[in-house]
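Chains as they are written, first to last, in this note's numbering: chain A, 17 to 480; chain B, 115 to 352.
Where hints are given, some of them may not hold.
[As the list claims (entries may be wrong)] Now the stretches of chain A that chain B is said to cover, found in silico as 3 or more residues with beta-carbon under 8 Å:
no.	segment
1	32 to 40
2	98 to 105
3	207 to 215
4	265 to 279
5	298 to 305
6	323 to 332
[What the hints assert, rightly or not] If the Cβ cut is set under 8 Å, some of the chain A residues that face chain B in the computed set are:
no.	residue
7	Lys26
8	Ser189
9	Pro191
10	Pro195
11	Leu198
12	Lys418
13	Pro427
14	Ala428
15	Leu432
16	Lys435
17	Cys439
18	Trp475
19	Trp476
20	Lys478
Derived by calculation from the structure, the hints in this document are not laboratory data.
Since we're looking at a predicted model, the values are computed, not measured.
A virtual CB, placed ideally from N, CA and C, is assigned to each residue, including glycine.
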Amino acid sequence: MSTFATQFLKQARVMAGDLRHRRTIRTALGNYEIARDKGQASFQNWQSARQLASETKWEAINHLDKYLEQFVSKIEARGTKVHWASTGEQAREIILQIVRDKQSRSIIKSKAMTAEEIHLNAALEQAGLNVVENDLGEFIVQLRHETPYHIVFPSMHLTRGEISELFQRELGSAPTNDPEELTMIARRVLRKKFLTADIGITGANFAIAETGMVSITENEGNARLTAALPKTMITLIGIEKVLPKLADLALFLPMLATMGTGQALTCYNTMYGGPRQPGESDGPEEWHVVLLDNHRTELLADAEQRDALHCIRCGACLNVCPIFRNVGGHTYGTTYSGPIGSVVTPHLRGLQDWKHLSNASTLCGACTETCPVKIDLHHHLLQNRRNAAKGKPVFFERLAYKLFGFVANRPALWVLAKKLGRCGQPLQNLVKGTALDPARAWTQTRDLPPLAGESFKDWWRKRK
Amino acid sequence: MIITLFIPCFVDAVYPQAGISMVQILERLGHTVVYPEETACCGQPAFNSGYWDEARPVAIKVLEQLKNAEAVVIGSGSCGAMVKKFYPELFANTPQAELAKQIAERTWEFSDFLVSQLGVTALGANFPHKVTFHDGCHGLRELGIKKSPRTLLANVRGLELVEMSEAETCCGFGGTFAAKFPMISTAMGEVKCASAAETGAEYIVSNDSSCLMHLQGLLSRQGKPIKTIHLAEVLNHR
Numbered sequence: 017m018s019t020f021a022t023q024f025l026k027q028a029r030v031m032a033g034d035l036r037h038r039r040t041i042r043t044a045l046g047n048y049e050i051a052r053d054k055g056q057a058s059f060q061n062w063q064s065a066r067q068l069a070s071e072t073k074w075e076a077i078n079h080l081d082k083y084l085e086q087f088v089s090k091i092e093a094r095g096t097k098v099h100w101a102s103t104g105e106q107a108r109e110i111i112l113q114i115v116r117d118k119q120s121r122s123i124i125k126s127k128a129m130t131a132e133e134i135h136l137n138a139a140l141e142q143a144g145l146n147v148v149e150n151d152l153g154e155f156i157v158q159l160r161h162e163t164p165y166h167i168v169f170p171s172m173h174l175t176r177g178e179i180s181e182l183f184q185r186e187l188g189s190a191p192t193n194d195p196e197e198l199t200m201i202a203r204r205v206l207r208k209k210f211l212t213a214d215i216g217i218t219g220a221n222f223a224i225a226e227t228g229m230v231s232i233t234e235n236e237g238n239a240r241l242t243a244a245l246p247k248t249m250i251t252l253i254g255i256e257k258v259l260p261k262l263a264d265l266a267l268f269l270p271m272l273a274t275m276g277t278g279q280a281l282t283c284y285n286t287m288y289g290g291p292r293q294p295g296e297s298d299g300p301e302e303w304h305v306v307l308l309d310n311h312r313t314e315l316l317a318d319a320e321q322r323d324a325l326h327c328i329r330c331g332a333c334l335n336v337c338p339i340f341r342n343v344g345g346h347t348y349g350t351t352y353s354g355p356i357g358s359v360v361t362p363h364l365r366g367l368q369d370w371k372h373l374s375n376a377s378t379l380c381g382a383c384t385e386t387c388p389v390k391i392d393l394h395h396h397l398l399q400n401r402r403n404a405a406k407g408k409p410v411f412f413e414r415l416a417y418k419l420f421g422f423v424a425n426r427p428a429l430w431v432l433a434k435k436l437g438r439c440g441q442p443l444q445n446l447v448k449g450t451a452l453d454p455a456r457a458w459t460q461t462r463d464l465p466p467l468a469g470e471s472f473k474d475w476w477r478k479r480k
Numbered sequence: 115m116i117i118t119l120f121i122p123c124f125v126d127a128v129y130p131q132a133g134i135s136m137v138q139i140l141e142r143l144g145h146t147v148v149y150p151e152e153t154a155c156c157g158q159p160a161f162n163s164g165y166w167d168e169a170r171p172v173a174i175k176v177l178e179q180l181k182n183a184e185a186v187v188i189g190s191g192s193c194g195a196m197v198k199k200f201y202p203e204l205f206a207n208t209p210q211a212e213l214a215k216q217i218a219e220r221t222w223e224f225s226d227f228l229v230s231q232l233g234v235t236a237l238g239a240n241f242p243h244k245v246t247f248h249d250g251c252h253g254l255r256e257l258g259i260k261k262s263p264r265t266l267l268a269n270v271r272g273l274e275l276v277e278m279s280e281a282e283t284c285c286g287f288g289g290t291f292a293a294k295f296p297m298i299s300t301a302m303g304e305v306k307c308a309s310a311a312e313t314g315a316e317y318i319v320s321n322d323s324s325c326l327m328h329l330q331g332l333l334s335r336q337g338k339p340i341k342t343i344h345l346a347e348v349l350n351h352r
């Protein structure tokens, strides 16, 4: 078992029994579900909207070469510098180089999961640079030296009280339970950072090929300040974020808001087309766009699972996933958690090391049902399992299935196995739930039903 | 009609009463029931674990046994989904591809078969209890079965059906998942049992015995009074 798998099992065991965590997440997501359902109902036909979104992303992903080139030529025409990064390491190097060239002293950063994916903050800090997260949730987890708990809600695992305690400890603020006051505390700290930062780093929600624009969705206005105030702006985008046309946003912006937070639209949706142009009064003097591959083209080459690149990172699959809800985001131990994370992490970081995430699912399909761009998530988990077993079968597991098949296909042996089971069950009952119990994984928390004295087959034969 | 009944392995060994109820209901409706005695398991445990090469021999046996069936009825949404939805995938590009596809088209989950194929909605059952219905995820999402079991339950005398909150959330069984990740499985089961208990129901009814085995296991261990029962047994209760 990989060390990642061991860590996952250990953490999952703790979190699954954490009733306080279970309640916190259930309450938070209960409110989300009500808002999401209302949002979906405001679409004329939600299922058609999903179909259209899926087809639009299919077009974009299946012609990624064409649309990326179009995006780049358009955005370069307005003076943006575009960088291509094959790996996370390359992307980090590109960004570090820009930061060094600018002799930056203070960096602010709005929310970007791609930056989490390439561990950008750690790299900047290692180079002696100071980088401050300015999305409220990200600011909170950064103060806690934690990674985001959720793609969209980075600090949803924390209560107001915990955030207040954190602010008292780290920022020296007065205790308060009022969300508005807590926000104001963060705002006072962040405003100063905005005003002094010389570099702003953002992510992107969509890259529009037709017009060469980057669309950023947010609620706090922090990304707008990140783009507007510092002299230099850097935007890190996964190459799968491209959409063919500007008009596609008419569907994707409300869809992302509905599934992400349950809003009809988020408070701010801004399209950026280039650095400050002659005659313009604001915007960065320089804009660098870093296009990140980091194994995405390998996923693109996998015809079966290519649609995982449709993902708009709305987090809807996490919210409905009973595994996520019971083990929490940090347990996954990787940037992208929940069903989409379990599907793509093996592609991004290695199947054998991360196959446990695909196994940690009941294949219930709630994720696939909710996904706005119709990624066949739970079947991809099944495909990951198949590929993992094919690539490196677990000896005893394969042996067990072979043996099971051998017995199941021989009626006499099957009858004998049931008989042995019936005889063995009283013995098993004596050691129920202990280390000696072969069914311990089941019996530690659950009773096993007794094998029937007369099986269905016995009944059928007798009756004949 | 001659109906071939596929009895899942755990129904055969642990819950024969569910299978017996299916036979009795179908015969009472005037149909002939055939039971291919050599079928044991649909092969889902190996398949879902990714061991498709090990699942195939088990599934081939099933295909052979069901080859000449006019209609195949499976007393479990999960095994039903395996045959109807996943066999064609498991056997894609193999000599059995065509046969798997043909059998998939002639296979139905029990409650769905009654309502959508036989047009039966009332079976003259009597079950004077308050119940809640648990949808197994495979039946619900792979096969799209939601209304049929409820239609049948609505026509049971004395029965009161109360829907639980988060009714479509998985109970946490998930086959080998229950043994590989027992603590997550248990947490999910606890959430489900709590939702069911909130309704004040005496029974959790389902068309999947496997979910019920998991839930009953938890309920018994925790000494909770709510009981579990397969849909076919309720429908066969006079």
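Quick rundown of the hints versus the structure:
With a cut-off of 8 Å between beta carbons, the segment 32 to 40 of chain A has 3 residues touching chain B; three or more are needed, and the interface restraint holds. Residue count for the segment 98 to 105 of chain A with a Cβ under 8 Å from a Cβ of chain B: 0. That is fewer than the three needed, and the coverage hint is violated. For a cut-off of 8 Å, the count of residues in the segment 207 to 215 of chain A with a CB near a CB of chain B stands at 0, and the three-residue condition is violated. For the segment 265 to 279 of chain A, the stated coverage by chain B is violated: 0 residues have a C-beta nearer than 8 Å to a C-beta of that chain, whereas at least 3 were required.
Three residues within the 8 Å Cβ limit are the bar, and the segment 298 to 305 of chain A against chain B gives 0, so the coverage statement is violated. With 0 residues having a beta carbon nearer than 8 Å to a beta carbon of chain B, the segment 323 to 332 of chain A misses the requirement of three or more and the stated coverage is violated. At about 10 Å, the closest approach between the beta carbon of A/Lys26 and any beta carbon in chain B exceeds 8 Å, and the interface hint on this residue is violated. The restraint placing A/Ser189 at the interface with chain B is violated, with a minimum CB-CB distance near 36 Å, outside the 8 Å limit.
The closest approach between the C-beta of A/Pro191 and any C-beta of chain B is roughly 33 Å, which is over the 8 Å cut-off, so the hint fails. A cut of 8 Å between beta carbons decides the hint on A/Pro195: the least distance to chain B is about 27 Å, and the hint is violated. The beta carbon of A/Leu198 is not positioned within 8 Å of any beta carbon in chain B (closest approach about 30 Å), and the interface hint is therefore violated. At its closest, the beta carbon of A/Lys418 sits 5 Å from a beta carbon of chain B; the interface hint therefore holds under the 8 Å criterion.
Given the 8 Å rule on beta carbons, the hint for A/Pro427 holds: about 5 Å separates it from the nearest Cβ of chain B. Annotation: A/Ala428 was flagged as interfacial toward chain B, and the flag is violated, the nearest CB pair being 10 Å apart, outside 8 Å. The interface hint given for A/Leu432 is broken, as the beta carbon of that residue sits about 12 Å from the closest beta carbon of chain B, more than 8 Å. Annotation: interface hint on A/Lys435 violated; nearest CB of chain B at approximately 10 Å, more than 8 Å.
Here the hint on A/Cys439 is broken, as its CB sits about 13 Å from the closest CB of chain B, past 8 Å. At its closest, the beta carbon of A/Trp475 sits 6 Å from a beta carbon of chain B; the interface hint therefore holds under the 8 Å criterion. Taken as an interface hint, A/Trp476 checks out: its beta carbon lies about 5 Å from the nearest beta carbon of chain B, inside 8 Å. Because the closest C-beta pair between A/Lys478 and chain B is about 11 Å apart, greater than 8 Å, the hint is violated.
Hints 2, 3, 4, 5, 6, 7, 8, 9, 10, 11, 14, 15, 16, 17 and 20 from the earlier list are contradicted by this structure; the remaining hints agree with it.
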